[in-house]
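Assemble chain B onto chain A, guided by the hints.
Taken in sequence, the protein lines are chains A and B.
In this text, residue positions in the first sequence follow our numbering: the first is 2, and each later residue adds one.
In this text, residue positions in the second sequence follow our numbering: the first is 77, and each later residue adds one.
Hints are computed from structural coordinates only; laboratory data are not their basis.
Mixed in with the good hints, there may be bad ones.
[Said to hold, decoys possible] Calculated pairs, DSS-like style, for lysine-lysine (alpha carbon to alpha carbon, straight line, at most 25 Å): (1) B:K424 <-> A:K4; (2) A:K320 <-> A:K258; (3) A:K130 <-> A:K174; (4) A:K5 <-> B:K495; (5) B:K424 <-> B:K344; (6) A:K174 <-> A:K122.
[Said to hold, decoys possible] Covered stretches of chain B, going by a simulated chain A footprint (3 or more residues, C-beta under 8 Å): (7) 87–93; (8) 121–130; (9) 247–261; (10) 472–483; (11) 528–534.
Beta carbons are placed, not taken as given, at the ideal position from N, Cα and C, and that holds for glycine.
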Amino acid sequence: MAKKTDRIFLSCLLAVLLAVPAGVALWSHQETSAYYENRALAQFPALTWESLWDGSFASAFESWYSDHVPGRTTLLKADTAVQMQVLRRPVVNGILTTQSVLLPFMEYEEWAPESYPGPAKTIAADYQKLDAHIRANGGSFYFVGFPEQRVYFEDLFPSYLSSHQKEAAGADKAFADALTAQGIPFLDMGAVYDAQGHPANFYSAVDHHYNYYGAYAAYRAILADLNADGWDLPVLEEDDLEFQILPNPYIGSRSRKLYNLWPNEERAVIGVQRQPVAFTRTDNGQNSDKPLFVLPQTADLPTTYNLYMGGDFGETVLKTNRPTLPKALIFGDSFTNAMETLLYASFDETRILDLRHYTEKSLKDYISDYQPDIVLCVQNDTFYYTTTGNGAVWEE
Amino acid sequence: MAFSSVAFLFGFLPAVLLFYFLTPSRLRTGRNFLLLVFSLAFYLWGGLRLLPVLLASCVGNWAAALLASTGRRWRKGVFLAGIFLNLAALGYFKYTGFLLGSLQTLGLSVATPAIVLPAGISFFTFQAIAYLTDVYRGTIPPERSLFRFTLFMAFFPQLLQGPILRYGAFAPALTDRQETAADAQAGATRFCFGLAKKVLLADALGQIADGAFAAGDRLTVSLAWLGAIAYTLQLYFDFSGYTDMAIGLGRVFGFHLPENFNYPYLAKSASEFWRRWHMTLSFWFRDYVYIPLGGNRCAKGRQLVNLFIVWMLTGLWHGSAWNFVLWGLYYAVVLAGEKFLWGRGLEKLPAALRHGYALVLIIVGWVFFRAGSLAQVGEMLSALFGAAPGGAWSGETAYYLRQFRWELLVAIPAALPVKNALQAWLSGRRSRLSGVTLAVGPQALAFCLFGWSVVRLLSSTFRSFLYFQF
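In isolation and in its complexed conformation, chain B is listed as follows:
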């Protein structure tokens, strides 16, 4: 179930809020039980056939962690088997088609089975691996309650698209949290802003990107740039919008989920970008792949190998297609370059130039990410750098600029910390008007944006979130 669906907003959400808050707060287990029931219902809305994989992952990882905890015999074997089974499940559901399809391309005659990809499998599998590893390392004790562990795995605000949680950070709130009106207000406000980011900005900008990436022989240099920029903005508002909704919902129920974005397009280098974009995934790869491989504390050659392994896996995690592998390798090359070749020189450049450098790299990177095939990657990149079949300019570019001028005008400042600057400015004025604006403004704006988003939802074909595919 998507947050930006009528069934969620006016069916699931009021139901879970009513049941949850009508249950007395002293009945913590009762409230958790309701959250679990609703989380499973949220997941099963996409089809009952999704349930076995999620439940198997919950039960298997819960049991494996108990057996892999400190002091247990065979704990290393259980831990390794647990990791293997998690990766095997992810590999089977997500990469079988890709692997067999690649073999077919090489001329081998292999049948491709129709495998249904369980929604959110990349996210809950990574959470499970992190949990298992933390328990094995002794960082956290194993959770003895299957019920609490299943709630951690299936917690509906973050089940499908993260943020990727660590059990150590999440577990205390399961038994000891407080739901307050202030938290509920802050969470609800953030949810409304997140919904607006998705519905009002991302979906509209997506129409530009779709048009540009499907242009084929009509592609012009201007359309390629407009499409790539639109996709850069679409992806940010889509994914950060979802994250805002997830964090906001979590806060309504008293959970403080980790941040996933920190104005990534402010970055002045690719390395900085990845410290600001999908932060919980970056931290996951750092803690559970890069550092165990040796991280930075090894020879340059080994560091390079580690970097390439991490980024190839990052690419593959995002999608089972060669363009995602290429996207991962692209970042491996860029990050290696910044680390060993031009990083120091880059730091000496003026900030504006560094922003420009990072933005061009990011926009080009998203072309790898968005393209439907390697051929399309080539077409788009050629067009971006001047070799477009349709020339420099076309009416199609003019149409998209006219049709979506408002979204483009709003999206650029909205991707920057303008809100923070405005808040700081209002706080500094200390007038009655600025006080009232600060107190009422965000809620009033959130309420209006919620209403407008719902109207746009009703008037447009339902579109799912981009990160559902991962």
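Isolated chain A, as found in the complex:
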């Protein structure tokens, strides 16, 4: 019996050892990205004398090989299930699972709130230059700040984990103070939400964004501020919209890291205009027939935050052909996406830039050419201190 079991064991092991390279040889070219990890898979490294000499080929090969093991996604999904459901770890794949929401695991190391006013002042100086440039071109500038989901739900972190609550509060205040000191209107959506009772349903439980209710509340607050400043912008009232809860499963950036295994009943919401404001659309200079809400073809297919405007584009232009209304320029992170479906209805022309992707000209030159009446910068607070991408607002 011992001999038989020896041979069976060795055969099974050898079969696995041989199956993996065979599978990689057959199928490695078929997949180029890892959806659940939100990244491109490593490419086969270039074989050069230098890379062989210093060993960098070996480490690059290891990354490529690991990424292309057959059934990798299934294996990682199974592992995630074991970590979550069998071993019941509080943190899996960098995500903290609580009763009601998914939050990111935050390292214990954090910056003291006192370390933020200095950098905030430097960054605000750039925004001040941008503000002056917008004014010189006949426009008005507003900064719209949002708490990110983990900041919005910071009270839901268990006491033994760090939520960086003090750091976030200090950093947000320092940034708002610095902009205000430069004379830039800072529209604090955190305060707006707090005034409405800090509703849990304004933010997604499984994504780092707000949801459509949060977006609509922010839209109303922004429009109220703009109209208070003397603009006479049409507003989409609640009665003008039909809030529809989509039947599709909703995959957020946090639940995606858990291979969508966390029990999630959340569904995306859209606000369909009862009497739609007609528009034409171009994305990156090309005519586009994309609607405001890009929905899956069937109800069982999952949807994501990208349903709003179809995701991020370098430049999107929405024209409503109502010349009596002002022209708007919105730039910022993906928190803009859900609000764009509402904001465009208040302007003659709305242009949206995502400076992470838009490279044709600088923001300064864009403003000089476009001459917008209103410029909105929309950022969530995790990007306030970023000076690249949407934080690169001023280039001399």
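Just chain B now, kept in the frame of chain A:
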């Protein structure tokens, strides 16, 4: 190339197994040739620039041994020159940066050259010194075949992290060994268990240790103890896991490599610990440094000097930094104390107390070993004994205990001879079920652990073995 890498498990390993076992067993030289080619490829995977040092060491030591063997003229001079050159190479590659860095600390303006440390140099240099010494002493004849000697030096299962081989014990298998299915099964099973020790336990426990040692101002007494205990377990599972894989692989190819660990955390004293931990290194220092210096057969004062020399060298062998020197000296003091002061008293204590004594000493010792600087040694030791900047308890400790509770729960019994006790219990029952469990259980468990380890490998960032740095 690390054993716990996808490239090794699903590239190198199946290739060497196929080529080796498809070569007829009667072609012993052919099989050895394949092992040599694959061993060099295994080493060169880390960069072709590593090759010159290994080859120079092989050729130089092979030639030196021939010239230093019994009956040769100038053999003492050749032997001493050989030892000097081995130590000079080790010194240059491993300690130049440390030496010049220390001089810079003293205020001297010296440039530190960028020297690439050849992987495994401490191990293959010690093997070479042992071989040269054994030949010079006449314990073994010199190997006339450069090919066989190079295979001994570069044999891939043990090239990077040991066990440190003696040529006298290894050489017979080069010409006369048998590869059997039973050996292959036992070797493969041990390899799988070793991989699981490394990937499932050591890497997870390492996250606790990393967090505790990087805590700085957040360090609490509880976190310091948890981190030090986690590192104690991590190091054992990391290094003994590698050794299990090395011994297992050797056995698949018909070689019986020496054991390196014998449940070291069962020790009841520091001296016993060093008879159970990294045994091939301890034996090396005993045979090639301590005894030639006079060992125990000399005056107490001389014995003390010998002990301090051996342990300072042991510390330096493990790393080119002052905390390793301090770690070596720490053991010199403890071992001297056990030998001359409290050893006899210790033996009279109950076994549980002696275990506690040894474990505290070992855990504190690993703090010297793991710390990134002398300042960190001070911080951790202060925290262990109550003076922590963050107080007694923190949420961070609670997090690590919750997050890694399974690893901590499994690691403690896995570091003890529970497996042996279980085997003995099953053997004693003599029922059909226990027979089947004994026959199939280890292989089935090994197969599952292999699969789980691979999945964890895929899901985590690749981490190299701790002993690679030595």
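Status of each hint after checking the structure:
| no. | hint | verdict |
| --- | --- | --- |
| 1 | B:K424 <-> A:K4 | violated (49 Å) |
| 2 | A:K320 <-> A:K258 | violated (37 Å) |
| 3 | A:K130 <-> A:K174 | holds (21 Å) |
| 4 | A:K5 <-> B:K495 | holds (23 Å) |
| 5 | B:K424 <-> B:K344 | holds (11 Å) |
| 6 | A:K174 <-> A:K122 | holds (12 Å) |
| 7 | 87–93 | holds (count 4) |
| 8 | 121–130 | holds (count 6) |
| 9 | 247–261 | holds (count 4) |
| 10 | 472–483 | holds (count 6) |
| 11 | 528–534 | holds (count 5) |
Hint compliance for this structure: hints 1 and 2 are broken, all remaining hints hold.
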